[in-house]
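Enquirer: All chains, full assembly: derive it from the sequences and hints.
If you count the sequence shown from 1, you need to add 254 to reach this note's numbering.
Take these hints with a grain of salt, some might be off.
Restricting the straight-line Cα-Cα distance to at most 27 Å, the calculated cross-link-like pairs of lysine-lysine (DSSO-like) are [claimed, not checked]: (1) K491 to K468; (2) K623 to K581; (3) K581 to K561; (4) K550 to K491; (5) K495 to K461; (6) K468 to K457.
Pair by pair, the computed Cβ-Cβ distance ranges are [said to hold, decoys possible]: (7) N608 to I553: 19 to 27 Å; (8) G548 to S332: 34 to 42 Å; (9) K458 to A375: 54 to 62 Å; (10) R296 to M455: 32 to 40 Å; (11) A556 to G358: 44 to 52 Å; (12) I553 to M434: 52 to 60 Å; (13) S456 to V353: 44 to 52 Å.
By construction, these hints were calculated from the structure, which means they are not laboratory data. Bear in mind that the values here come from a model prediction, so they are computed numbers and not experimental data. A virtual CB, placed ideally from N, CA and C, is assigned to each residue, including glycine.
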Amino acid sequence: MTRGDDIVNYNSGGDDIVNNVVIDDHNNNGNKNKNVEVPSFRRLLAMNLPEWKQACLGCLNALLFGAIQPVYAFAMGSVISVYFLEDHDEIKKQIRIYVFSFLGLAVSSMVFNILQHYSFAYMGEYLTKRVRERMFSKILTFEVRSLVGDRLALVVQTISAVVIAFTMGLVIAWRLAIVMIAVQPIIICCFYTRRVLLKNMSKKAIKAQDECSKIAAEAVSNLRTINAFSSQDRILKILEKAQQGPSHESIRQSWYAGRVIADAGSMTNDLAKGSDAVGSVFAILDRGVQLSGGQKQRIAIARAILKNPKVLLLDEATSALDSQSEKLVQDALERVMVGRTSVVVAHRLSTIQNCDLIAVLDKGSIVEKGTHSSLLSKGPSGAYYSLVEAIKKN
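Expert: What follows is the structure in structure tokens.
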């Protein structure tokens, strides 16, 4: 039976090409899923015993290199406190000490990094040579050096950095260190979940694309048989159905990407405000700036509130402010006036509507007294009512 006849028989019973692809995939997966004995790490280390000196040297340098990052972070935080000293000579002295400290950390980092990589690379190369010699004529198909050399250095370096950082944190500020240590498992779980999700999404997309490619290749190789039985439309439907998988996966990935971009875009306004604030701060530091009338007025209000007075006198407290700032300041003043006696002098009637007693002055004498609603109830004959109507017309 020829290859074409084989395809014809499958066509009579169902989707031929899909069946072939599934059979091939099952065979490949069966070969890949065979149990392979995992090499023992202890056995590999035992084979590296002749290089124990390099192992000790590499572990020591990895330990020291891992300790550099916590020490650097501590030094960077400590150097900020120097600028709060009042003696200029003492500042120069302390800065000089920290400069040489950072220089020493940089040189030490370079030396420790070179020594650790050299030591573990030396171990890995000799281990590879020893294993190849024992394998005689066989070729070593896996990279042993990456397990014993670089990975071991990274493990020792990471453990050293974590242990020393946690220890320094507990010694310097144990409350904050406990909070950070408690958060670390959550951060690790988030990174692991992200890695698993990305890996699964990539696998699904690749698998769907491979299936489409196999269907197309099978159809091309059996083109004569397909034309002979007029199965072009059927093959196209099978291919279109197989392409739905990559399409759905692409839409899903695009949704996640779009969500990230949207979340980042929602923070643009805050970033712009922060940029403006930084620009104004640097402008003040570079050439100085004069406070506007509204800024001076807000500072005066803040000083009065900080004194926490029993009697609060406000004379045109919002006269130099724009409408937006006036509303914010007025809301703050209304909260401050709760529980204390407040005397408010104002031309803007919107700032005194919530007062318990409003007194209307005309030519130095009080012509009306009462609340906002009681004064309005007097109608056009009342002075307060006339002021409100005049403001509405303007």
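Enquirer: Give a verdict on every hint.
Expert: Each hint, compared with the structure:
no. : hint                     : verdict
1   : K491 to K468             : holds (15 Å)
2   : K623 to K581             : holds (25 Å)
3   : K581 to K561             : holds (23 Å)
4   : K550 to K491             : violated (76 Å)
5   : K495 to K461             : holds (14 Å)
6   : K468 to K457             : holds (16 Å)
7   : N608 to I553: 19 to 27 Å : holds (24 Å)
8   : G548 to S332: 34 to 42 Å : holds (40 Å)
9   : K458 to A375: 54 to 62 Å : violated (38 Å)
10  : R296 to M455: 32 to 40 Å : holds (36 Å)
11  : A556 to G358: 44 to 52 Å : holds (47 Å)
12  : I553 to M434: 52 to 60 Å : violated (38 Å)
13  : S456 to V353: 44 to 52 Å : holds (47 Å)
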